[in-house]
Every structure is written in structure tokens, then in C-alpha cells.
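S.K.: Single-letter residue listing:
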Amino acid sequence: MTAEAAVEHRDVVIVGAGPAGLGAAAVLREHGLDVTLIDEQPRAGGQILRQPPRTFTVERWLSAKIYDRVKAALQAMNERSDVDWRMSSSVLGILRPSPYRTGGRRAGHELWIQGPSGCYFLHASTVLVAAGCYERPLAFPGWTLPGVMGAGAIQGFVKSQQFVPGNRFLFVGSHPLQLVVADQLLSAGADVAGVVFTQRMRSALTALAHPQVMLQNSRQFIESARILRRLRRAGVPVKFGASILRVEGASAVERATIAMLRPDGTIDSDRTEAIDCDRVGVCHGFLASSELPRQAGASVRWREHEGGWLVDHDSWFQSSVGNLFVAGEVTGVAGADAALEKGRVAAIGMLRALGRIDARRAEQLARPFRRRLAGMQRFAQLLHDLARPPQHLADSTMTGEAILCRCESIRRDEFEQQLRENPHVVSSDAAKLLTRVGMGLCQGRMCGDNAVRTLARMRGLSAADVGPFQAQAPVKPVLLGVLAPERCS
Amino acid sequence: MSSRITKNVTRPPAIAIQVNGREVTAYEGESLATALIAAGVVRTYCNMGVCFDCLVEVENGGRSQRVRACLTAVRAGLRITVAQA
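Chains A and B supply the protein sequences, listed in that same order.
If you read the first sequence in our numbering, its first letter stands for residue 1, the second for the next number, and so on.
If you read the second sequence in our numbering, its first letter stands for residue 1, the second for the next number, and so on.
Accuracy of the hints is not assured; some may be wrong.
As the list claims (entries may be wrong) - Just so you have them, the derived chain B footprint on chain A, three or more residues with Cβ under 8 Å: (1) 40 to 46; (2) 140 to 150.
Unchecked claim - Listed below are the simulated DSBU-like cross-link pairs for lysine-lysine, each with C-alpha atoms no more than 35 Å apart in a straight line: (3) B:K7 / A:K239; (4) A:K65 / A:K239; (5) A:K65 / B:K7.
Said to hold, decoys possible - On the chain A side, residues computed to face chain B include the following (Cβ under 7 Å): (6) E59; (7) R60; (8) G166.
Source of the hints: derived by calculation from the structure; they are not laboratory data.
Even for Gly, the Cβ is constructed at its ideal location relative to N, Cα and C.
Please put together the full structure from these sequences, using the hints given.
M.R.: Now the structure itself:
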């Protein structure tokens, strides 16, 4: 038997170079630890600060005040040569160390990584997963037509690529992010056909008017009020109490139909309006990217409006798996500023776990971060209440003919038919085996949320009973040609 | 049509890539997803490497590989094959 090359060792590996990962890296560097940062994007910043390509020069990039805090955190770390950056790289799994590869090392974790020049392993004493979140998909007839995108996906083109990815944009959803994106498109000279909120104006205003919230988060509210004013001045209709019903077009989006919602949140299909557009941005909140911690065996809990499956953690952001820390949106979607503070607290927790500081010093160092975080989490809670779509909206827009699973092209009625014929199937995994929903390349990220709800409702169970799809390594598909290039060329 | 923002933005000189045999103008470093949408080929849903809708075949220097267009940077001479919808 040939001895395999020894796996490289690192004290700390951080997965995700967004606000949480950057905040943690800064604290760890201050205390003299070597830090490895891994991210799928080519540059640091996460989704909130998707940087333009290095080959571009952009003046006044993201100059709005809402980005100030996270931009400062990015500037403090960006491209620093004392950090081991591994960008354009996907972590495929967090594994128990193989005694054959790691020279007998049993503690810590082994990361399975796909980098720009292939796959390799890295051994780490401590791992922080700050993988962020992705947009919560809303299924409806026509949502697989080219031109339907996440609102954040559209924003990514504008922020990073300096590109307006369409002609006439309609935004539909419940999350105020869609206001920001519509505004950024307007400033870039795009045509915005409208912004449609599921909430009724009155309930939104009642929540916003809470005096303590107004005072503590005045920046966000002033910005939202300014945006509403700019949209009105530009003649962009902003509608409340309505939802997307369907999208149509021959080979791409040509028209969207919205419907008014009744006071109880159900769709009133007699009161509809057709809107011409070539892009539809869907903005119904976010789902935590908790696949990697779940694959590593960390326990999770279901929080419907805070990101779906959230990773359990202690007060130092250590998950149920030893030396596996989690921070940012995977612990509860609360926004970039909160993610930054969580990353800082997690870093203190890692220093404590590695024996670099004692418990008293850790408490002392974490105090200011925790204090700020508490305030931000109060705001996040309010935002969740405010941005919450009506109870059964996702269920009502996904009609029988709507595609549930994009990868495998499975309609909702096909999924339900098979479940009706197989009443013994009561878990997401069993439903996946039966129907192929969740078996495609996205590994259930696009359909999981809707599949869990549909199954839970049919069986009269809770989402927690039905469970998530089992996350397995590789958590993102990898080509055989990448795993075994010499055999697949 | 989609459009690249030019105000306050300086790009490197334009280069040519091939999309389904057709020559298309793009800029080094921008994402393939951007170049494709600018050329009228829309395959993006999430634009962050999650949905895999934008998986395309890329050929460069005799080697071909499937990649997510949203996570792949444009380089001169790339030949891209996008499955027809």
C-alpha cells in the first residue's frame, strides 16, 4: 500500500467570506491565529457585498449608508496577505479525519474541498461554517421560465457585475429587500414595472411605528422611506396586499399576473392584473445554507420565517458537533450587521475552545459584540414579523400544475399523487426516494422548503417531524472528471 | 434588452467569446452568466451557485468542463455550449 500525501493542517478554517466569516477572521488574526478563508465566490464580501470583478474599476461602489458597517469589516480584511484565501472553492463535506490521510490525527475535522485546480483535503482543529443563506423560492405556474429570478440574484448582477440583467422588471414578494433592488435598478436606468408586496399597508405601518425600533434602526427606516419616495417620483407602482399568480411567455417571461389577497391572506383570483415585463424578481425571504453543518451531523431546528433549518449552537456559537462552530445566517437569518457580530462572538468562542484565552477574558471580549447583537436581533425579529408572507401563500401559489422540483421537472400534483398512493411515506427522505423530488443538481435547495411543507400538511405533521432532506457529502455536485481527471479525460 | 452600466464603471477592453458557435462580446473577469444574458441567453435563477440552472459546457484550450455560469469568470477564447431550452 502506498502512503498517501499528508493532508495539510490548519488551526482554524472558516467557510464563507461574508460578514460573519470576515468578522471572525479579523478577531482571530488580532489574537495571532492563522486563518484560512474559503468561499465559492471569486472575492470576499458575501452576497451582501458582492464585489465587482478585479478587472473593473467602480467609483462610489455601494455608497448607501446601509452598507457602511459591513463595508468597514470588508475593508479591514480584503485581500490581506496574512490570510490564507481559498476563493472560487466549494467545501464539499466536513468529515471525520481519516487516520490514513492525517497521520493518525483523530481530533478536529477534515474538509473536502473543490478548488480551481481540483479536489483536495484540509485538516482543521476548528471549523467555522458561515455559509450564509439563499433566497427562499416561491413556486407558481411559470416560475421555471427564463427571466424569473430571485430579487437578490438580480441585485447581484447590479452590485457586482454592474449589469442590468433585463429590460422591464417586476418585483413580487414580502421582503423589503425588493425595494432596495428596485431602487438600485432605477438608478441604473432600468425600467421597473412595479413592486408588489403581499402585506397590507396598514399592518406594515403598525409594525414599523414601534418607537423603540424606530429609534434604534433609524438608518434603515429613513432609507426605506427615501426609496419609496424615489419610486413614487419615478412613477413605479408599489402595491400592497397582492401576490404573484402566474408568469407566462412563449420561451421566456413576457407577462406576469398578480392577484389581490383577501384579508385572510387567501388569493382572490377574481381580482387580477396582468403586467408586461421580461423579468420577475421573487423576494420571499431567505433559507439558511445549513447543508454543510447538517452533513457534518450538527443538530438543527425548524424556524419557518427565520430561514428554515437553523443550526443549534451554544452561547459561543459552537454547534452540537465538537469544534464545529457556526455563525451568521445559518444560525438564524438576521441580516448582515448581525452576522458580523455573530462571527466576532464565534471567534472569541474558538479562541476559548483552542485554549488561547480563558473563560473570563472571553466573556469580557465578547461583551460589546453581544450587546450590539442583541439590539440587531430585536430589529431582525421585527423584520421577520413585517416580512412574513400570509400563512398559506407558498401553498396557494404552487398550484397542481406548478413545477415543485425544477431539477427533475416534477409538478406538485405528481408529487401529491404519489404520496397519496403511498401513505406510509412520512419523511422528506422517503418522499425523495419515492418521487425523485430533491434528487437533482441543486440537492433540494430549490424544492426542499416547499416539499417539506406539502408533505407535512398532507400527513398532518409538523415540518420538524417530516425533517429536512439528509445532507450528504458532496453537498454540491462534483464532476467525475474533477475527482478522477486522469481517468475521465 | 439587458445593458451594462457604464457610469462610474471602467471595464477592461472588450474581448470575444463564443456562445453556441456565435461570437459574443464580453469583458474579462465578468461572470459568464452576465455575458450570456447580455447575449440574450438567460439561464440564471439564483446567481449564487445554488440552483445549478446555469450549468453550461465550457471549452478552453482543448479541455471541456461543465461549470456554473454565475461562478465562472470570462476569459478570452472561451467556447460555451448552452443546452437549448
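S.K.: So which of the earlier hints does this model not fit?
M.R.: none
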